[in-house]
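Residue numbers (numbering that gives the first Met the number 0), protein chains in the order written: chain A, 0 to 316; chain B, 0 to 269; chain C, 0 to 391; chain D, 0 to 224.
If you are wondering where the hints come from, they were derived from the structure by calculation, not from laboratory data. Each hint should be verified, as a subset may be incorrect.
Stated by the list, open to error - Derived PhoX-like pairs: lysine-lysine, alpha-carbon spacing no greater than 25 Å straight-line:
#, chain 1, residue 1, chain 2, residue 2
1, D, 58, B, 56
2, B, 217, C, 160
3, A, 87, A, 194
Unchecked claim - Here are a few chain D residues that face chain A, going by a calculated C-beta distance under 7 Å:
#, residue
4, 131
5, 132
6, 135
7, 136
8, 137
9, 181
10, 184
11, 185
What the hints assert, rightly or not - Sample of chain B residues with no beta-carbon within 12 Å of chain D, all distances over it, derived:
#, residue
12, 12
13, 18
14, 20
15, 28
16, 29
17, 33
18, 218
19, 219
20, 267
Every value quoted in this text rests on a predicted model; they were computed, and no experiment measured them. Cβ atoms here follow ideal geometry from the backbone N, Cα and C, with glycine treated the same way.
The lines below spell out each chain.
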Amino acid sequence: MMNAFTPPLALALVDIGRIISLTLIAAGLLWLFIRAIKLKEVERRVIFLFIFISVAAPILFPTVFKEKATPVVKAVFDKIESLPPGSKVLLSYDFDPAMAPEVQPMADAFSRHCLVKGHKIIYMCLFATGQGQFTRTMENVIRPEFPEKIDGVDYVNIGYKAGNEGVLNVIISDFKKMFPTDVNAVPYDSIEVFKGIRSCKDLDLIISIGGGRPGIKEWVLFVGDPGDVPIATGVAAVVAPQLYPYYPKQLLGLLGGVKGAAEYESELVAHYSRFKDSPTPALLMMGPQTLAHIVIMAFIIIGNVLFIQGRRKEGKR
Amino acid sequence: MKRTTLILMALVVIFFALSWIFKAMAFKGVEEHYILQGFLVTLAAFLTLSIMSFLYKDNPFYKFAEHLFVGISAAFWMSMGFWSTIVGNLFPRLSEGMSNFFKVHYIPGDYNFFFYVPVILGILLLMRLSRNYGWISRWSLAFIVGTTAGLNFIRYLRSDFINQVSSTFVPLLVDWQGIGHFFSSLNLSASGQFIMMLANWVIFLGVMCGIIYFFFSKEHTGLFGRASRVGIWILMITFGASFGYTVMGRISLLVGRITFLFRDWLGLNI
Amino acid sequence: MVVPARAVPEPADSLKADSVEIIIAPPTSPVVSDFKYDDGNSLILTWVPSIDDLPVGGKVLSYHIFRSDNGGEAKKIAELIPGANYYKDEDLYSDTNYAYHVVALSSNSRAASFQTASIRPQREWVNLNLKYLFFIALIIAASVIYFIETAKRGKKLFVRKIAGLEAVDEAIGRATEMGRTILFIPGIHDMDDVQTLAAITILGRVSRVVADYDTKIRMPVARSLVMTAARETIKASYMSAGRPDAYNDDMVNYVTDEQFGYVAAVDGIMVREKPATIFLLGAFFAESLILAETGNSVGAIQIAGTARPAQLPFFIAACDFTLIGEELFAASAYLSGEPKQLGSLKGQDVGKGIAMLAILLGVLLSTIAAVGDTETITDILNFITRVFTVTN
Amino acid sequence: MKRGVPLIITFVVGTVLIFSVFIPPMENLGENFTLFFDIIAVFAFFLGGGNLLRVHLTKLTRRKRDWEYSIVTIVGFFFMLACGLFKIGNPGDISASLTAEGSWFQTIYDNVFVPLGSTMYALLAFFVASASYRAFRAKNREATILLIAAFIILLGRTPLGTFVTGWIPDSFSVLQIPNLAIWIMNSPNLAGQRAIMIGIGLGVVSMSLRLILGIERTYLGGEDK
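Just chain A, with the same shape it has in the complex (with noise of 0.2 Å):
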């Protein structure tokens, strides 16, 4: 990772590195496509190469492309960043660490988010394993960002109950009844998150975050729906198009996968000028995927060029 303390001779060459690296990819694939009006077939080798160094020059001088966000990204953001400051959003880590790679940078983004505009946060999880995850949001971002943040006054994290479903099913009316106590065993009553708060019906906003069952369909039939609240999500990319239907009546945005994530990223770093140093793992993913997907993209275009110029001759004779 960049950090502030990159001597600047190193950071230069990360720039050059990748002002090279890009002006190489983006010449070869035009030279190729040159080649390709003169009906000159491309080798394998030359497309493995291009993929290697599409993949790998990214990763070595970290390249980001400029996400814009698609509306149901933007969906999310832009509510939490219209809740007034001190509004109550619940985050619930419904994922295990198989699932961490594609979720975990957007739970990250939202804490940061919420955070920074004032929300309180509430974090519990529905899978036993999310637990082990909240830690990472707290060592990687509450911590050494939000130092002044207090534990029960800004945030809380409740944990985790045995129950699926049916534990939705008592907090949409009762959280208390669910977890008298938070997870250092402070009393609900005590808890300053919880004032004025006594079921799920009065959060502003609650965001779901995995990607397996029990999950975001589960909040959406057991709270969203019976409750009236505004729900929205993050989910792994493979269940992202199972969940449109229910957007935007029933979830009012969602982010699927690492592209969603890297969206998500890159609106916070465009609204805040103080995450600009703040890791962005899912945006620094992107890079190699952006880069990858063009190259394929202009090799498909390449291939076509070909086919379109050869048939073209075969009619001239």
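Knowing the structure of chain A, use the given hints to seat chains B, C and D on it.
Okay, now just chains B, C and D, sitting in the frame of chain A:
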């Protein structure tokens, strides 16, 4: 072997030997067995690069990695099979003595003698090695084929046939408030009524035409032929879309390997 | 709704809280009954929750379930969350009597229900929950068998062309002409996958042609059992071609059970032996594209087929011919050309007819139900949905 | 004996397993038969492992092409087998987990098996590119549809998709590439997947019946004689 090949191989060997030394030095003070750790990371990097070299062309390094992989993985699965199936599942049902020897929990039960059946079938299978009684191994095969056919008959009927049929029961009218309302609020918004309805129409007609494409016993001509043609188009969209959708996951795999090489092996600060 | 007085915050010292007992009413009317359609090993317990188990401000924090076996001491078997009103107890014995009671717990007190009657789990001989599944299976199986029988009696059956299978003979012929081998990859699953069985049956037809043409066939496999079955199959083909001496066990060899280890070895074989024809038939996973692309790079004709929808796009993209899903299973029947085998294909089409009819009906009914809510329509829709939904 | 008995075995086993689904007292039968299968498969390892060794020993002794590499396979095989069967370096006794941290078995798994396997897997990134270059050409109508669908989805997964079509107003938002990509995944793609699955379901049913009834018997040595 040609002289250049030998020189090349020697260079590679020297390179990775140096890598071992450097890695061991880097691990010193951090890891207890730093020499071993240095070797293991170097080995993993060498094998990673050997496999990747196949993309250029077949070569001695790839052959080495491939043959090593085959030997080690075959033994890996045999060991797993022995400990999990034979020791974990068979002995506890057949023999208390064996269970005690391997310190696994003996499962007493009235019907444990049934577990001699697979043992006998397994032995019959080994008769394959005999020249005269090899045909007996077919009995085991017949048992396996029967099991597979019987189990999958219901399993596929259930999940691939019945459940897929019922999940296609979609309404063709969504949020219907009369024909006037439909036309007055007609737009192409992704979450609008028209697009939602279109989705259901496409699902309904797409599944129907797709099934028609698979009809074997009717000639694909006329209206039927046209429907089957639409079926092929739907399948082509499916294949194109799934292909495009998977690319991201495949790139992630390569990102993982390259990150390993850069960070864990070369120790770059990325 | 009872709104509790908010003014007094609860004392932080929990010991003090213990002194004020929060009294709650017990759960009532516990009833235990036999769980339907099992092997006599489960019971289901229901009760009415405590009246203090309210959605808001309720005092019940959990329910504990107690069970007494054959009148013995009652032991706690489960803890449930507030609002719960049933519990399924599994892994019981049909020769034991079981009685239950439910205890509601507040933060510092408990209230027990009465004990239920003592009953034994009953064993049922037929699972009526699956009756529709049974009927559908019966109809499809009957139509398959019916058309097999009709075909046996000599009725001519039409079967449409399957491009991938029309090409089999030509592909084998090509290998013969070029004097190169044919590579047959039966997927990476074992014999417990029907796709592997389908591949083996197709192998039977392919190896018959191979035996006739005297082409070389090479078949590396990832499972020992598949190796055994494949040898048996190829040997039989050589025998029926009248050339048992040309058969050799080395045509089939085991590599490793490991997915990518197998792929590494097969890739090696492809680039070193440069087969003229490659069959990729069976259960394939991520390796589909690795194999198909390497095969393509050595210039082989490739005929692929799998029933894994996720891998079909890669075969479509990289192979010359692809058997899509059902076509893989139809292939051996198609290649055999025997009337009785072809009859089974016609039987399958009856199943497709049933599916189309059901979908048409279901879509129509749910459309009507979505517009106006007529109760009869909804009832019929629910019925059809139930027929085509398998619950256990 | 040679053909009759196997046909009877297949018929009986298959039929019993189909009916067992509907009869609760037999509900564990399928599970147990799966376990039987696993046990038989372990016996088959003798045949498979024996064959692997035989192939490479023959290569070695006959000095066939690339015989040097067969040494690697044989040594790797025996070394790993010894580590596995005798649990070399395992902390604890015979009941310790085979894959316990610190055992030789696990160390080799982590440092040889995993890098080899995941690199092999990662080759897909390259093959995905070369396959799309070659296959996605507008040769005919079907290929064109395939190409367009793939291209839209690829475009929708990069910022480029938003960039190119972001200006389209909300009332036409389905034409924005990211939304279009989602719509394709959700409806035509879903329809295609379902049609394929329904076909597969029927294919398996008919195939199983052919096997159980003994009409398809190539695996036993053909239909002749």
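**Request:** May I ask you to test the interface hint for residue 131 of chain D with respect to chain A, counting a Cβ-Cβ separation under 7 Å as satisfied?
**Result:** 5 Å, holds
**Asked** Does the claim that residue 218 of chain B lies off the interface hold, with its Cβ farther than 12 Å from every Cβ of chain D?
**Response** Label holds. Min Cβ-Cβ 18 Å, cutoff 12 Å.
**Request:** Using 7 Å as the Cβ threshold, decide whether residue 185 of chain D counts as touching chain A.
**Result:** Since chain A brings a Cβ to about 6 Å from residue 185 of chain D, closer than 7 Å, the hint holds.
**Asked** Given the hinted pair residue 58 of chain D and residue 56 of chain B, is their alpha-carbon gap at most 25 Å?
**Response** Given pair residue 58 of chain D, residue 56 of chain B holds - Cα atoms ~23 Å apart, limit 25 Å.
**Prompt:** Going by Cβ atoms, does residue 33 of chain B stay more than 12 Å from chain D at every point?
**Reply:** 15 Å, holds
**Request:** Decide, holds or violated, for the assertion that all CB atoms of chain D are farther than 12 Å from the CB of residue 18 of chain B.
**Result:** At roughly 14 Å from the nearest Cβ of chain D, residue 18 of chain B sits farther out than 12 Å, so the non-interface label holds.
**Prompt:** Would the least Cβ to Cβ distance between residue 12 of chain B and chain D come out above 12 Å?
**Reply:** At roughly 15 Å from the nearest Cβ of chain D, residue 12 of chain B sits farther out than 12 Å, so the non-interface label holds.
**Prompt:** Against chain A, is residue 181 of chain D within 7 Å by beta-carbon distance?
**Reply:** With Cβ-Cβ at 5 Å, under 7 Å, it holds.
**Asked** Does residue 87 of chain A pair with residue 194 of chain A here, judged by a C-alpha cut-off of 25 Å?
**Response** 10 Å, holds
**Request:** Would you check whether residue 132 of chain D satisfies its interface hint, that is, whether its CB is within less than 7 Å of any CB in chain A?
**Result:** At about 4 Å, which falls below the 7 Å cut-off, the nearest Cβ of chain A leaves the hint on residue 132 of chain D intact, so it holds.
**Message:** Quick check for students: does the CB of residue 29 of chain B sit more than 12 Å from each CB in chain D?
**Reply:** 17 Å, holds
**Exclusion check [residue 267 of chain B not at the chain D interface, CB over 12 Å]** = 18 Å, holds
In summary, the structure agrees with every hint in the numbered list given earlier.
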